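S.K.: Note that the protein sequences, when read in sequence, are chains L and H. Residue 541 is where the first sequence ends in my numbering, and the numbering goes up by one at each step. Residue 52 is where the second sequence ends in my numbering, and the numbering goes up by one at each step.
Since the hints were made in silico from the structure, they are not lab data. Honestly, I wouldn't trust all of these hints.
To be verified - Result set (SDA-like, lysine to any residue): computed pairs, CA atoms no more than 20 Å apart in a straight line:
| hint | chain 1 | residue 1 | chain 2 | residue 2 |
| --- | --- | --- | --- | --- |
| 1 | L | Lys427 | L | Trp512 |
| 2 | H | Lys25 | L | Arg116 |
| 3 | L | Lys281 | L | Pro110 |
| 4 | H | Lys25 | L | Pro115 |
| 5 | H | Lys25 | L | Phe350 |
| 6 | H | Lys25 | L | Met117 |
| 7 | H | Lys25 | L | Pro191 |
| 8 | H | Lys25 | L | Pro110 |
Given the structure is predicted, the values throughout are model-derived calculations rather than measurements.
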Amino acid sequence: MAHAAHDQHDHHDHEHHGPPKNFIERWVFSTNHKDIGTLYLVFALTMFFIGGSFAMVIRAELFKPGLQLVQPYFFNEMTTLHALVMIFGAIMPAFVGLANWMIPLMVGAPDMALPRMNNLSFWLMPFAFCVLLSTLFMPGGGPAGGWTMYPPLSLQGESIAYTVFAVHLMGISSIMGAINIIATILNMRAPGMDLLKMPVFVWSWLITAFLLIAVMPVLAGAVTMLLTDKYFGTNFFNAAGGGDPVLYQHIFWFFGHPEVYIMILPAFGIVSEIIPTFARKPIFGYKAMVFAIASIAFLSFIVWAHHMFAVGLPMGAEIFFMYATMLIAVPTGVKVFNWVTTMWGGSMTFETPMLFSIAFVILFTIGGFSGLMLALAPADFQYHDTYFVVAHFHYVLVTGAAFAIIAAAYYWLPKWSGNMYNETWGKIHFWSSVISVNVLFFPQHFLGLAGMPRRIPDYNVAFANFNMISSIGGFWFGASQLIFLGVVIHAVFFSKKKSPDRSWEGAKGLEWTVPSPAPFHTFAVPPVINDDELAHGHVDH
Amino acid sequence: MATSTIDPLNAHTAHQEAEVQARRKRARRTAWILGGVALAVFLLSILQMLNV
Chain L
1 MAHAAHDQHD
11 HHDHEHHGPP
21 KNFIERWVFS
31 TNHKDIGTLY
41 LVFALTMFFI
51 GGSFAMVIRA
61 ELFKPGLQLV
71 QPYFFNEMTT
81 LHALVMIFGA
91 IMPAFVGLAN
101 WMIPLMVGAP
111 DMALPRMNNL
121 SFWLMPFAFC
131 VLLSTLFMPG
141 GGPAGGWTMY
151 PPLSLQGESI
161 AYTVFAVHLM
171 GISSIMGAIN
181 IIATILNMRA
191 PGMDLLKMPV
201 FVWSWLITAF
211 LLIAVMPVLA
221 GAVTMLLTDK
231 YFGTNFFNAA
241 GGGDPVLYQH
251 IFWFFGHPEV
261 YIMILPAFGI
271 VSEIIPTFAR
281 KPIFGYKAMV
291 FAIASIAFLS
301 FIVWAHHMFA
311 VGLPMGAEIF
321 FMYATMLIAV
331 PTGVKVFNWV
341 TTMWGGSMTF
351 ETPMLFSIAF
361 VILFTIGGFS
371 GLMLALAPAD
381 FQYHDTYFVV
391 AHFHYVLVTG
401 AAFAIIAAAY
411 YWLPKWSGNM
421 YNETWGKIHF
431 WSSVISVNVL
441 FFPQHFLGLA
451 GMPRRIPDYN
461 VAFANFNMIS
471 SIGGFWFGAS
481 QLIFLGVVIH
491 AVFFSKKKSP
501 DRSWEGAKGL
511 EWTVPSPAPF
521 HTFAVPPVIN
531 DDELAHGHVD
541 H
Chain H
1 MATSTIDPLN
11 AHTAHQEAEV
21 QARRKRARRT
31 AWILGGVALA
41 VFLLSILQML
51 NV
């Protein structure tokens with residue numbers, strides 16, 4: 001008790017101060033949710049460019065048929081590490097960064113519930129990725145068996161130990177981050193901020209955090225069993241010893257499918273914040289949106305085997321997983337309908353965050369439709385392991401998750417930095433990205449339907465034209481993201497245009513009541529909640 | 001907007017002090033429960049495979 005009281009005095013002493021002057025003290029030992037959020041976002045952007053450079057190698061190799069630039073093993077390392085870096089290093093940390101920055105501001109909390117654990121959650125990530133990427137420089141090379149790490153393929157080579165260790169670190173980081181988010185939302189809301197008055201972004205993260213806690217330990221279990229199979233003589237997945245390699249696929253996808261939703265539910269939350277702001281209307285069907293997110297999260301646990309239709313499941317299982325998967329279209333359709341209906345009749349303007357959000361709604365829906373096609377078990381035998389799958393999940397994860405993160409960055413950058421970004425360059429970035437991303441990924445549908453398998457460095461000449469188009473789109477899309485980097489650097493360090501506290505005319509919520517840039521400490525005194533100020537202050541209970 | 005009701009960082013009264021302590025206790029309890037669930041899921045995912 002005495003210790004706790006002492007802590008409070010420490011807080012009191014620092015409360016009116018700004019951030020520590022010492023660079024190390026501020027950034028390495030930070031327990032401030034805004035600084036840790038910034039660290040996550042900078043880390044995610046760095047990994048986005050590292051993972052993107054791997055994608056450039058892949059598209060350069062596939063520019064023409066035949067082996068062009070790299071050895072096949074290195075190509076396989078690139079496909080494997082591109083996925084691991086983008087999923088665990090770019091998309092997920094970016095969402096956690098957004099959560100760190102915005103959730104305390106949105107619910108009126110002074111910080112995250114467990115600030116020191118927050119620091120640890122972040123600092124595990126750079127070490128995890130140093131371990132993972134260091135394998136590229138080791139004798140024998142890095143992991144090359146795909147991000148799914150299916151045995152027995154993934155057990156060839158020694159890098160699996162490093163990969164497993166890195167995955168464990170990422171998993172621990174994600175679980176601690178999720179615990180912190182749940183503890184913050186459930187315990188730190190300002191008086192009067194009822195659960196059903198919370199912004200949809202907060203709701204989406206609350207549900208995502210439960211998903212993380214439920215499935216990240218399953219991935220940890222799966223890769224631990226890989227490790228013991230490789231080094232400790234167990235036979236979990238070794239058929240010769242009585243194990244079953246297909247068992248790994250079941251465990252992996254029990255994690256893997258909810259993981260897909262972990263990467264898209266916060267994106268739903270972001271778009272649900274941005275569209276009402278620029279349509280100048282409250283979101284249509286607030287409660288339906290929340291229940292749709294919860295429904296999608298629940299369904300994500302009972303559809304994992306649709307990734308495994310081709311392994312030889314019993315007919316009853318194929319039918320169950322096919323229909324369960326198709327069922328996800330219902331709550332997803334509710335969300336798309338509600339976004340469109342929010343825009344309907346709204347007084348819309350098309351600033352860059354809104355443009356990315358509208359592109360999200362349209363292009364994510366295309367990814368959803370190709371997902372429905374893949375859900376059909378008989379058809380999946382044709383599509384399985386082809387470029388159709390690659391096209392599908394890139395529409396969901398690039399024009400879905402990544403576009404939402406970019407939209408969020410443009411939307412909240414004025415609040416974070418206190419400066420407005422350059423709208424002209426933002427729009428150039430948008431149009432360049434949205435055209436190039438379709439040049440990049442749309443032809444991959446045709447390649448997949450024609451039978452081009454994924455994860456190969458060489459291909460039949462029949463696939464040459466679409467691959468060349470796709471590669472041109474890839475280089476174009478990659479170059480477009482340098483514009484984004486330039487816009488962000490300009491806005492943070494050089495922009496002369498200051499942002500008002502409420503950066504956007506139609507923006508509602510507690511985060512817009514604090515100054516821009518948001519002070520180092522906010523809501524040290526819990527705000528008095530004014531329902532008119534909240535986006536969802538008048539929801540019927 | 002910034003009118004105070006409770007100040008968790010500058011708790012001066014016994015009531016406010018108690019409120020802050022209760023909130024901290026709830027946050028810690030939430031963290032321990034969720035951490036326990038995560039650990040249990042990890043162990044169960046391996047233990048049930050031992051029967052294979």
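S.K.: Look at each hint and say if it fits the structure.
M.R.: Going through the hints against the structure:
Between Lys427/L and Trp512/L, the direct Cα distance comes to roughly 23 Å. Violation of the 20 Å bound is thereby established for this hinted pair. At most 20 Å may separate the alpha-carbon atoms for a hinted pair to count; Lys25/H and Arg116/L meet this at roughly 16 Å. Proximity of Lys281/L to Pro110/L is assessed by CA-CA distance (about 29 Å); at most 20 Å being required, the pair is judged violated. For the suggested pair Lys25/H and Pro115/L, the alpha carbons sit about 14 Å apart, so the restraint of at most 20 Å is met.
With a C-alpha separation of about 46 Å, the suggested pairing of Lys25/H with Phe350/L is violated against the 20 Å cut-off. For a cut-off of 20 Å, the pair hint linking Lys25/H to Met117/L stands: about 15 Å separates their Cα positions. For the proposed pair Lys25/H and Pro191/L, the alpha carbon gap of about 17 Å is at most 20 Å, so the pair holds. This hinted pair checks out: Lys25/H and Pro110/L have alpha carbons roughly 16 Å apart, not beyond 20 Å.
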